[in-house]
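So the protein lines, in turn, are chains A and B. The letter at position 11 of the first sequence is residue 11 when you use the numbering used here, and the numbering goes up by one with no holes. The letter at position 167 of the second sequence is residue 167 when you use the numbering used here, and the numbering goes up by one with no holes.
Among the hints, a few may not be true.
As the list claims (entries may be wrong) - List of simulated lysine to any residue pairs, SDA-like, C-alpha gap at most 25 Å: (1) B:Lys269 x B:Glu383; (2) B:Lys399 x A:Ala142; (3) A:Lys52 x A:Arg147; (4) A:Lys25 x B:Glu383; (5) B:Lys26 x A:Lys2; (6) B:Lys8 x A:Tyr182; (7) B:Lys399 x A:Arg13; (8) B:Lys154 x A:Ala135; (9) B:Lys256 x B:Lys69; (10) B:Lys155 x A:Asp109; (11) A:Lys36 x B:Arg51; (12) A:Lys25 x B:Cys362; (13) A:Lys36 x B:Lys69; (14) A:Lys2 x A:Pro37; (15) B:Lys26 x B:Phe10; (16) B:Lys78 x A:Lys2; (17) B:Lys269 x B:Glu207.
Said to hold, decoys possible - Among the chain A residues that face chain B by a calculated CB cut under 10 Å, a handful are: (18) Lys2; (19) Leu43; (20) Gly69; (21) Ser70; (22) His74; (23) Gly91; (24) Arg94; (25) Ala112; (26) Val175; (27) His181.
Derived from the structure by calculation, the hints contain no laboratory data. Quick reminder that beta carbons are idealized off the backbone N, C-alpha and C, glycines included.
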Amino acid sequence: MKDFKGPVLFLDRSDINTDEIIPAKYLTENEKEALKPHLLEDLILEGFDASKDITGNRVVVTRQNFGCGSSREHAPWAFEVNGYHVVIAEGFARIFRQNMYNCGMLAIDLAASDISRLFDEFAGSGAWIEVDVSAGAIEVYALGENRDRQGEVMASIPFEMSGFDRALIESGGWVEYADSHY
Amino acid sequence: MGQTIAEKIFSTHLVDEPFGDVSVLKLDRVFCHEITTPIAINDLQKRGKDRVFDPDKIKAVIDHVSPAKDSKTAVQGKILRDWARKHQIRDFFDIGANGVCHALFPEKGYVRPGFTVIMGDSHTCTHGAFGAFAAGVGTTDLEVGILKGVCTFKKPKTIRIELTGNLPDGVYAKDVILYVIGQISVNGATNMVMEFCGSCVDQMSMEERMTLCNMAVEAGATSGICYPDMTTVEYLWPFIRDDFQSKEAALESYSKYISDDDAEYEAVKTFDISNLEPLVTYGYKPDNVKTVTEMAGTSVDQVYIGSCTNGRIEDLRVAAKILEGHVISPTVRAIVSPATPKIFNQAMEEGLMKIFMDAGFCVTNPTCGACLGMSNGILAPGEVAATTTNRNFNGRMGKGGMVHLMSPATAAASAIQGVITNSPMFIG
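Make the full structure from the sequences, and use the hints.
As structure tokens, then:
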């Protein structure tokens, strides 16, 4: 299983599409690592600077319909090669969500009120999130000066995960699962 | 309780229901192109699993950047080409025979009512026009599709889009789908199948139904879908004539893929399109829709007619009819890209290409290139495109460019005027 924890990148916008996550001109790359410098390069979001805000964070918290548009799995890969294995959102486009689990990564749906709470209470000061997959909960901590986990857990938010999604996470992705089952 | 068409297709293709959460479906078609497939091929080779479940059910095409524009795209083409040869995938389309996947594969008769289809391309929903469940997937799903001939989906919820009334003159399937997306939003059909029905759809050609289903994903849908009818049978007849004694027999067989009257829907939306006007997008989301009248006068730098949405023969006919006897504005450059060689040939035979060229259009070979800003018509920062494609996302046709989506008629009229304008076919 991959690790699912780290400092949070807050993206306060709905309908962030996969062209914004990784523009089509980089789809000519056949190695995932080559996508690394281009994550979120075309994102339109006030105050966001891809060259400064991506490095050092590990978890994305965002709003509704994340990853809409193109089916390109380059979008999850671009996160993966930058050390991001978790996106937490109010909702996902179907293909993006499936691509995340197929790669053994987490796309976690939370209620709008939980997402708003994360933005309201933590976006300003920064946060460290750890996902406890077996318990099905997101644990939020304060972010220390060295961008490390600080103090006691400040919020614990449960989430639902289907048995199949859990199996994909535990087996490391869909290829291994499918080849051993079908 | 009755079933929707999608539920019927799921029932007949079900392999497994792991944990009761999802349906693993047997696939009738796995389509491949050179952008998302090579990484799947490389991964299969790395895992020592370089096999294909059935070479006859896999179809492959080089279409996104064609001919190759640089070494990287040449390598992508080569990986797909070598793999297709190695595994004896006979239906592989290289330059000279290639076209935009979602125009080419229907034209070859590969999709039939009741089929399950996947491709590593979000506009795979286009093929639902034939009464198939057709879904865009990522590279890993594609990889498993190639290897095992299966794919998983959540049980299909369906949103029924009932379109009533007759299309007014100068208003087209593109305007209808932009209208629907504008009404239900880019998230309105997420995790759902978008079922198009009603008298308006009944009267549509297969080309129009493909335009409709093509953009279902822009509302978040897993697949667009239309009921098979005699229009479907007529289109497919050259490919199915040996399978059925008559067209009526084919229709009867395919009619099992029509939703039951008592089927259950997640939502039902009815839209009367009798008074619809030509539409165009603004901003960076496909649900940002206004009437052409509202947007009239917006300056345009480049006009593009083509793509899996609107690069078919009917689209070229409509555009050529408007362009005949006119030249494009000196402030505009215009590109037409017939979606397949067959369409290109047909357009030449009908004299459409001469009309486009006399009007000042650049004619390109069939390719997806410009639509996603990969080749053959990329915008410079600050430039504006009037285009018949399907996405107006930021940077879609080139970093810093603005994309306005519209019908081929509106695009042709806008090319002549140099600004967004209603086509003369529309009498408002």
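(request) Kindly indicate which numbered hints from before are broken by the structure, ordering the numbers from low to high. (result) Checked against the structure, the hints that fail are numbers 1, 2, 5, 9, 11, 16, 18, 25, while the rest are satisfied.
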